[in-house]
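Next come the chains, spelled out residue by residue.
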Amino acid sequence: MSKFIFGRYLPLSSVVHRLDPRNKLLLSFCYIILVFLANSWVSYLILIAMTLGAIWASKIRLGFFLRGIRPLIWLIIFTVILQLLFSPTGGHVYWHWAFINITQFGVINAGYIFIRFLLIIMMSTLLTLSTQPLDIATGLASLMKPLRWVKVPVDTLAMMLSIALRFVPTLMDEAQKIMNAQRARGVDFGEGGLIKQAKSLIPLMVPLFMSAFNRAEDLSTAMEARGYQDSEHRSQYRILTWQRRDTVTWLIFGVGLILILISRRW
Amino acid sequence: MDNIIEVQQLSYQYPDSGDRPALQQVTFDVHRGEWLAIVGHNGSGKSTLARAIDGLLPFTEGTVTVGGIQLSPETVWQVREQIGMIFQNPDNQFVGATVEDDVAFGLENRQISRDEMLPRVRDALQRVGMADFATREPSSLSGGQKQRVALAGVVAIAPQILILDEATSMLDPQGRQDMLALVRELHREQHLTIISITHDIDEAANADRLLVINDGRLIQEAPPATIFAQGERLVELGLDVPFTAKLAAALRVRGITPPDGYLTTEEMEAWLCQSGLNT
Chain H
1 MSKFIFGRYL
11 PLSSVVHRLD
21 PRNKLLLSFC
31 YIILVFLANS
41 WVSYLILIAM
51 TLGAIWASKI
61 RLGFFLRGIR
71 PLIWLIIFTV
81 ILQLLFSPTG
91 GHVYWHWAFI
101 NITQFGVINA
111 GYIFIRFLLI
121 IMMSTLLTLS
131 TQPLDIATGL
141 ASLMKPLRWV
151 KVPVDTLAMM
161 LSIALRFVPT
171 LMDEAQKIMN
181 AQRARGVDFG
191 EGGLIKQAKS
201 LIPLMVPLFM
211 SAFNRAEDLS
221 TAMEARGYQD
231 SEHRSQYRIL
241 TWQRRDTVTW
251 LIFGVGLILI
261 LISRRW
Chain U
1 MDNIIEVQQL
11 SYQYPDSGDR
21 PALQQVTFDV
31 HRGEWLAIVG
41 HNGSGKSTLA
51 RAIDGLLPFT
61 EGTVTVGGIQ
71 LSPETVWQVR
81 EQIGMIFQNP
91 DNQFVGATVE
101 DDVAFGLENR
111 QISRDEMLPR
121 VRDALQRVGM
131 ADFATREPSS
141 LSGGQKQRVA
151 LAGVVAIAPQ
161 ILILDEATSM
171 LDPQGRQDML
181 ALVRELHREQ
191 HLTIISITHD
201 IDEAANADRL
211 LVINDGRLIQ
221 EAPPATIFAQ
231 GERLVELGLD
241 VPFTAKLAAA
251 LRVRGITPPD
261 GYLTTEEMEA
271 WLCQSGLNT
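First to last, the sequence lines map onto chains H and U. Position one of the first sequence corresponds to residue 1 (the UniProt record's numbering), numbered consecutively onward. Position one of the second sequence corresponds to residue 1 (the UniProt record's numbering), numbered consecutively onward.
A couple of the hints might just be wrong.
[What the hints assert, rightly or not] Pairwise CB distance ranges (calculated):
id : chain 1 : residue 1 : chain 2 : residue 2 : range
1  : U       : S142      : H       : L201      : 26 to 32 Å
2  : U       : P119      : H       : P146      : 53 to 59 Å
3  : H       : S231      : U       : R32       : 33 to 39 Å
These are computed hints drawn from the structure, not numbers from a lab. Only a predicted model underlies this, so the values are computations on that prediction, with no experimental measurement involved. Every residue, glycine too, gets a C-beta built ideally from N, C-alpha and C.
Kindly generate the complete structure, drawing on both the sequences and the hints.
As structure tokens, then:
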């Protein structure tokens, strides 16, 4: 698991780290749309320049992102090969055998898909590497605010999200402790056949669920004792502020968007 | 004397516990500014009692009055407003994702504006000596530190009453001593009324008055010295004996008779020096 860069946070102090999380979430979302808008080599060059610029501004080493891609590389290669072999006919046919055609169209498409994958993974890795999970949660909650008008319990969802995030490390520790305790009693995790392996999960899962429910019970009692009635009528300690640098990122994004729209022709 | 809490004929039975009620006709008062310890062995009903006072349990018989307000489903939030409560498990009462968020949680519930929250959170953390840990996450803190954060959460809302529901029972001796020293300080400086539910004998020795609970009944109400003087009877009730009482018993076995009654550590020390045992 430790190899998995995606979803981890790297504490550094850079412009990107200090951006408003709401802004970063919105930017990442719009960036994905941008990636699908691009359809020519020139537009991809612009996108790559934007991505590398963002990575440079975050002061995170490029190697980190490449390592982040490594666990997903097989998925990418698999998709690219499928695209290469089974794309619809179009352009010059390089090679043909039975129902497999490698066409000019297919090669270009595969190249595009490879770049799209790379860019989206890099940008979303940048989001999580430069933003604390808690800030992402606060940002998400704040972005969901308009959903109140369609009766979505946004504040309750935000509370649930923040409790979930707060208990992730606690439950991870707990799971490790239970596993070690069960190992000490002779349970082999990850040994034997498939059914045996699945069965050995029971002495981990059942206590883990029990413990989570007990914790929930204790926590809700403590929350009530501290005056928690409902999630709506509360003030907020943690607030987000939109700063000038956040506006600047949208200017850059706007320029990128215009350039890509122009370059779609080539 | 001014009573801040009055409990009258309180009874409670857990829904699926058979015939045995958890509390039977418990009646007592707590004076303003007093440190009251409630002791009893496991399952004697002392935690149930604490929860009933805070309105966390819907008891059917008896009345609880806190600061002049009688506890009922309508007044429960007014009652809770006056009470800060710290529970046993430091991990399970930590709501916030970081230390400062947790301290602010109670303030958020009271809809206090952010400008007012910031200094109050900072001061509360300063008070318990956790100011340097404001942005830390709970998983990076020790049990004692988490309980201090819980205490800061109580300090921030500045209630009249603090209930410690076995708040030190999961801490190591050092964490326990630090926590008790902090509570003692708050008690002295802010004239908090403290109810501590415990079977830690040192914690009980700090109290002005002890209530002994056994099988859901209040069986004794006296200052610590009177109750500790009973020696062996404490063991029958599932309580420990204070260190000086153990020492006195050990001396009696060896033919030396210290004075009857409970001696504090200082009194015992003074007596030992006078008795000339060291010559």
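query = So the hint says 26 to 32 Å: do the beta-carbon atoms of S142 (chain U) and L201 (chain H) match that?
reply = holds, 31 Å
P146 (chain H) and P119 (chain U) - C-beta distance against the hinted 53 to 59 Å = violated, 32 Å
inquiry  = Between the beta carbons of S231 (chain H) and R32 (chain U), is the distance compatible with 33 to 39 Å?
reply    = holds, 34 Å
Checked against the numbered hints above, the structure breaks only hint 2 and satisfies the rest.
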